[in-house]
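> If you read the sequence shown in the numbering used here, its first letter stands for residue 8, the second for the next number, and so on.
Hints are computed from structural coordinates only; laboratory data are not their basis. Hints may be right or wrong, so weigh each one.
Unchecked claim - In the DSS-like style, the derived pairs of lysine-lysine whose C-alpha atoms are separated by at most 25 Å in a straight line are: (1) Lys-138 <-> Lys-71; (2) Lys-20 <-> Lys-71; (3) Lys-20 <-> Lys-138; (4) Lys-34 <-> Lys-61; (5) Lys-20 <-> Lys-99; (6) Lys-19 <-> Lys-71; (7) Lys-34 <-> Lys-99; (8) Lys-36 <-> Lys-61; (9) Lys-107 <-> Lys-19; (10) Lys-138 <-> Lys-61; (11) Lys-99 <-> Lys-71; (12) Lys-71 <-> Lys-107; (13) Lys-71 <-> Lys-10; (14) Lys-34 <-> Lys-10; (15) Lys-36 <-> Lys-107; (16) Lys-20 <-> Lys-10; (17) Lys-20 <-> Lys-34.
As the list claims (entries may be wrong) - Simulated restraints, written as ranges between beta carbons of each label pair: (18) Gly-35 <-> Val-14: 39 to 47 Å; (19) Arg-146 <-> Gln-47: 19 to 27 Å; (20) Lys-10 <-> Lys-71: 45 to 53 Å.
Small disclaimer: the values here were computed from a predicted structure and weren't measured. For every residue, glycine included, the Cβ atom is placed at its ideal position computed from N, Cα and C.
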Amino acid sequence: MPKGESVPDVLKKMVHGVTVVGILDQKGKSDAFTAAWVSQVSAAPPLLAVAVRKSGRFHDALRKAGSFTVSLLAAGQGEIARSFGRVEGGGKALRLREGKPPLVADCIAFLECSLESILTPGGDHDLFVGKVTGGETVRGGEPMLLHAEKGLAYPG
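Start from the sequences and build out the full structure, keeping to the hints where you can.
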């Protein structure tokens, strides 16, 4: 670690893709949140891990939903990312789908996942592991990256 930098400073240098996770609750209501930490954790079968804050309103909702989507945002979609990071969400940017979790309408790609397990490693987030059941590229574009030095950073 360079002299003078704390562990939180070094962690902010890690780069992540910016995604929006969509869910359809048991009453059929669509909702979504910006996820700072999503990662592929297996190729066969394809699995994703989504870190979800334990105290956040989506923790229990995602557990109960049983499936979710991950919309990959494009560079330049910072306002969409920020809108889904707020309590009221960014619902205007969602593409609703009958009986399925929503997508961000103008995302560059999306994945559909079924919830396989929830890991509780300690700390303030749990890992929701989903098996990828579908997905597609929607349009071209460079993915948005989460990086403190580029102006979009996770406040945690």
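> Compare the structure with each hint and give your call.
Hint check results:
Between Lys-138 and Lys-71, the direct Cα distance comes to roughly 16 Å. Compliance with the 25 Å bound is thereby established for this hinted pair. For the given pair, Lys-20 sits about 34 Å from Lys-71 by alpha-carbon distance, which is inconsistent with the 25 Å threshold. Our distance criterion of 25 Å between C-alpha atoms is broken by Lys-20 and Lys-138, whose separation comes to about 29 Å. Restraint check: the Cα-Cα separation between Lys-34 and Lys-61 comes to about 22 Å, which is no more than 25 Å; the hinted pair holds.
Between Lys-20 and Lys-99 the alpha-carbon distance is near 31 Å, which puts this suggested pair outside the 25 Å criterion. Among the hinted pairs, Lys-19 with Lys-71 is inconsistent with the structure: their alpha-carbon atoms are about 31 Å apart, more than 25 Å. A C-alpha spacing of about 20 Å is found between Lys-34 and Lys-99, which places the hinted pair at or below 25 Å, so the restraint holds. Only pairs whose Cα atoms come within 25 Å are accepted, and Lys-36 paired with Lys-61 is accepted, the gap being roughly 21 Å.
A C-alpha spacing of about 34 Å is found between Lys-107 and Lys-19, which places the hinted pair above 25 Å, so the restraint is violated. As the CA atoms of Lys-138 and Lys-61 are separated by approximately 21 Å, the hinted pair is consistent with the 25 Å bound. Under the criterion of a C-alpha separation no larger than 25 Å, the hint pairing Lys-99 with Lys-71 is consistent with the structure, at around 24 Å. With a CA separation close to 14 Å, the supplied pair Lys-71 and Lys-107 stays within the 25 Å bound.
In summary, the hint linking Lys-71 to Lys-10 is not supported, as the alpha carbons are separated by about 45 Å, beyond the 25 Å threshold. Taking the CA atoms of Lys-34 and Lys-10, the gap is about 53 Å. The hint is violated against a cut of 25 Å. Proposed proximity of Lys-36 and Lys-107 is supported: the alpha carbons are some 10 Å apart, at most 25 Å. Distance check on the hinted pair: Lys-20 and Lys-10 sit about 15 Å apart at the alpha-carbon level, within 25 Å; holds.
With a C-alpha separation of about 40 Å, the suggested pairing of Lys-20 with Lys-34 is violated against the 25 Å cut-off. Separation of Gly-35 from Val-14 is about 43 Å and conforms to the stated range, judged on CB atoms against 39 to 47 Å. In this structure the supplied range 19 to 27 Å holds for Arg-146 paired with Gln-47, their Cβ-Cβ distance being about 21 Å. For Lys-10 and Lys-71, the Cβ-Cβ distance of about 47 Å falls inside the hinted range of 45 to 53 Å, so the restraint holds.
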